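Chain by chain, the residues run as shown.
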Amino acid sequence: MKGWAWLERIWPSVPILSALALTSLLLLAFGTSPVVAFGAIWEGVFSTPERMLTALAFWIPLLLSAAGLLVTFQAGLWNIGIEGQFILGALGASWVALSLHLPAPLQITLEILAGIAAGALWAGVAALLKRWGVHEIFGGLALNNLAIILTNYLIAGPWQPPEGGSFRGTVPFHEDAILPLLGSTRFSPLSLVLAAFAFGLVVLALRNSAWGLRLKALGRNPRSAFLLGVSSNREALLAMLFCGALAGLGGAVRVLSWFDSLRQSISGGIGYLALMVVILAGFRLYLTPLVALFFASVLSGSIVLQLRTQLHSSLGDILTGVMVLFVLLFGDFARIRNLFKSRGSKEDV
Amino acid sequence: MFDLNWATVLLQSAPLIIAVCGETISERVGVVNLSLDGSMLISAMTGFVAAYLSGSALVGFLAAAAVGAFFAFIVAYGSLALRLSQVAVGFVLTLLGDSLSAFLGQDFTRLPGPWVPKLPIPVLKDLPVIGPVFFNQDAMVYFTLLLVAATYWWIFKSRPGLELRSTGERPEAAFARGVHVRRLRYLYAMVGGALIGIAGAAYSLDVKIGWAEGHTRGLGWIALAVVIFGGWSPLRGALGVLLLVGVRSWIGIYLQPTAGADSTVVILNALPWLLMLVVLLVVSGKFTGSLIANAPPRLKRPLQRLLQVAPPAALGADLKEG
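Chains as they are written, first to last, in my numbering: chain A, 1 to 349; chain B, 1 to 322.
Next up, chain B with everything else stripped away, as it sits in the complex (with noise of 0.2 Å):
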């Protein structure tokens, strides 16, 4: 397990991670954009049309980020403005992001590309063991590691984070201090919308450079169970995404000698969905529950800070102003 090639896995992980963090910031402050899956093609297609007819790849970033933003608005403003599902206008806007993300990008598909230059860092990259896994990657992956600490440390240990959660958790108690409720709501919605569309474009730009139909169809629904696996917590999220692509690399190298190709191929495309529900099967399940509740009781608390996690209370509720 620990022979792997860590470096690989970070940079596989990082765009995953940034969608975690992004749909955590959303989530947090009440609002579910399930369109995650359809944002991210859409944007991984705008991001590498943009930097493709520009020649940067900073133009394509920038571009997918406006993209993300927008379809949060869009999930934002049914919710907020119209009082709509956010389940069903989050759904419409998945099946259309990929749709538009086919049609649009239909001329561009399977060419090269800008892409994310390698950037190590002087001094940091010699470090033994952490040096080549953390500091010999390329720009992406910094602003990744940076992003997770930062969202961290704004969501649980800012003023401005307090003010997001109690958002998420207490609206009207929020609403009640002086917090600009709905504000805040299209705000961090658009952020994490934002850092979204980035997720989309790191794939088309560096992890899996090109575009192509579907390019990334699925894994903005693993983005979204991760975030429950991560108890709304970007730290732990990043660490679920780590597991889950470490697992699949492992399973990559020390399977397929074994157990041939073609059933190593079927498992990896089994896996994630496989995890995905033995995950939330623990981490919401009642089984975990009865479990902790017959554990010794000097391990009932670190096994339910462990296994166990709840959304925020009011995540996809309306505010009742009254």
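In isolation and in its complexed conformation, chain A is listed as follows (with noise of 0.2 Å):
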């Protein structure tokens, strides 16, 4: 058993390394050599502060976005429809951007205001539609891509610049209206005291409340739940609703502050990534910053890589998707363990 106990101690990094050799053969098969695109990757987060601050700036709706995902999957609820409910954030604070024009704080407030409802919003068609059988994996995307095109409508349309036909993007919103950016970047210091402030909300509610031991008891076993005396429609109810309200969140800080209009592809997969995040995390709370922090690196740098190598910027999601499939296949060592042990001892099945 001392053997075991060696490799026990080494084996979350063997996933990990699998991965990074993996995406480095993909890189060789295109005649790049691996220390130089991960050099770029590299570079592209931390040669300049304002490069290290956008990879801030990517981290916080990211961060938003996976908190509120810890609470859904505490209930046991697969809440696909993030994507989805990150839009619709952005899309409420957009239109308080578009039509208020009011004294910066009042109007930011407002903003973010709009940006919570609106995720909250979608996030309780998905609950209702669940409620009425509708698995909460498929309401969830018809919401995702309804979503995407409620936005492409509002810019060809009712939001449509003066100028007229652009299909990119709504006018820039007034000085006002945006998030305060530090320097040149388009990191905002507020963006990180909100984002902060809603994972502790996260922390309390999953650690330190009688909801979050409710949640988690749905989530384990909603049978002994029920005779418990949670109720499954309730809580599912509240946890979707809380987690879109950050996502909502998520969504309205990204377009006050990464953009400063609306446009096509506003969320570009945060939602999505915020799964990832989630689950190469293990649902782990304080954990899920941090693997947060590096999606966001490394699809941060991946902008340099795709300028520097001409290769396309989706390798940093082949990267971060490869781990995120061999940790989750294989990360976990007493499911390997047991991998072995039963191969010797039963019959095939």
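For the record, the hints were derived by calculation from the structure and aren't laboratory data.
Treat the hints with care, as some may be off.
Chain B side only, calculated, beta carbon under 8 Å to chain A, not exhaustive [claimed, not checked]: (1) Leu93; (2) Trp221; (3) Lys286.
So the derived label-pair ranges between C-beta atoms look like this [as the list claims (entries may be wrong)]: (4) A:Lys341 <-> B:Lys118: 52 to 58 Å; (5) B:Tyr77 <-> A:Ser231: 36 to 42 Å; (6) B:Tyr77 <-> A:Leu17: 17 to 23 Å; (7) B:Arg159 <-> A:Gly157: 43 to 49 Å.
Fair warning: this is a prediction, and the values are worked out from it, not measured in the lab.
Note that the Cβ used here is the ideal one computed from N, Cα and C, for glycine as well.
Mind docking these for me? Both chains are given alone in their own frames, and the hints should help you get the complex.
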């Protein structure tokens, strides 16, 4: 057994190194040196303070969404609809930004509240559909696509710039509508405060509240939760609304700091990425912000990779995706050990 | 509605029908291959690139089938050997398939490549009404028609099909009767995956010829929903696809002059997703149950058969060996 203990200690690095190795092979196949490619990603994140802040600016909406997913996963829900909730948050914030012009503090407060409300609304629809028998994966997916179609419709129709038919985006928001940014970057200190507050709220809800306990009961064993008097409908709805509100906040932050107008691909899959983040973090509370930071770094670094090597920037998604897959499949040492133990003793079933 | 070009509707439906058949087989044996959307993207890319490099569409289809089967194998392995959630593995593969297809296919976008040639069947193609629709098509469409019939027959009428269904409904009972539950789950999940791969290639080599990033994005999810609408029957699933594609073409032709091009595009894009919600609400929702309960007694059974569906009992569940 001594050998096992040694292997168990180093095991968590094995899937991660395998993912790096596989991505390196892919790079070699495309005639690019992995050293150059990973170096470009590194440079894309750490070479200048501006780039580090850019990665942080990417991190915050991702963290907000992932924090919300911790709540829905706790309740045993697969909230794939988070992508749509994020987009609706951006739409809500944009709506206020385009239609009101108030002093900055009031304007921004209203925008953020609108984003939160819109995200929660979309999550509420998914929760209602689930109550009526449509699984949250399918309800969520349909709502994601409807959110994208709604965005495109608004950009090309009612919110079209006055100079006419641009399908790319709305007019830039006025200055008071945008979150205060640090220097010439897209990073807003205010959004960091909001994200820290939101994450604290999630920690409080999941670790220190009776509600968190009820969600856990629901997620682990819906039948016994029901026998204990936990209303699955009510708790599922609340969990979804909570997650949708955080995703909506993320969308609002994204449109009000990363961009300065509503664009066609306003989310670009941040909701789906947040799901990957939480899976890679193994649904663990305190690991989630770190994994989200890692994702944000790799993905914002990949933009430099594309500039430097002419390779498609989806390499970053592949690196993180393969990592999530390998960690999911082989990350749990006990599972792998069982696999080898049972092989000898059991007949083929 | 009836003066639609049904030959085109059938052609455009064919890839989705293949995917629905594949997923139905996989889910009937108890494995949810949620990676369908990503599997289809990566196999559409693989199929096009393989056909482009070899100059043969058949090679493309074979390569795509292999990739689809491989993705299905990962889902099955994660579930059967490692006892992981099929949804989690499938979801990760969906995104990975999407980004891999974008990266690996980056040098092959918007190129002209081989396609499936038309293959009219002599004599039969001259039959009135059905001739032009069914017998003036290409090999992929004939394959689809045969596939639907064969899948239906295999699942519901053959002895191996009985074992297939029992594995998805009562794996413990099937195991006790000497059925190789695990082996069958691997086998049918991979057969289903291969069909999903063929469906991807059917887009890039036939219906939407060529490759570009996100070529079939979203269609896989629609196929997954159609499997539910179809009540896990290939025949009903195929009808569901035909209905969806038919309604879309009908709107494209008849709504455009009255509603204008811009709003028609919005309606056409939103339609599959709205239909997905409505249809799933009807077939698995609670309203239908109360509607049927209040229906006249004579109508109860037919209405139930028409409107309500139930998944295989052990879908996504583990085999408890004891």
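Taking the hints in turn, this is what the structure says about them:
This hint holds: Leu93 of chain B has a C-beta 7 Å from the nearest C-beta of chain A, less than the 8 Å allowed. With its C-beta approaching chain A no nearer than about 5 Å, Trp221 of chain B sits inside the 8 Å limit, and its interface hint holds. Hint status for Lys286 of chain B relative to chain A: holds, with the closest Cβ pair at about 5 Å, below 8 Å. The hinted window of 52 to 58 Å between Lys341 of chain A and Lys118 of chain B holds, with their beta carbons roughly 57 Å apart.
Checked against the hint of 36 to 42 Å, the C-beta distance between Tyr77 of chain B and Ser231 of chain A comes to roughly 38 Å, which is consistent with it. Between Tyr77 of chain B and Leu17 of chain A, the C-beta spacing of about 21 Å keeps the proposed range 17 to 23 Å intact. A hinted range of 43 to 49 Å for the beta carbons of Arg159 of chain B and Gly157 of chain A is inconsistent with their spacing of about 58 Å.
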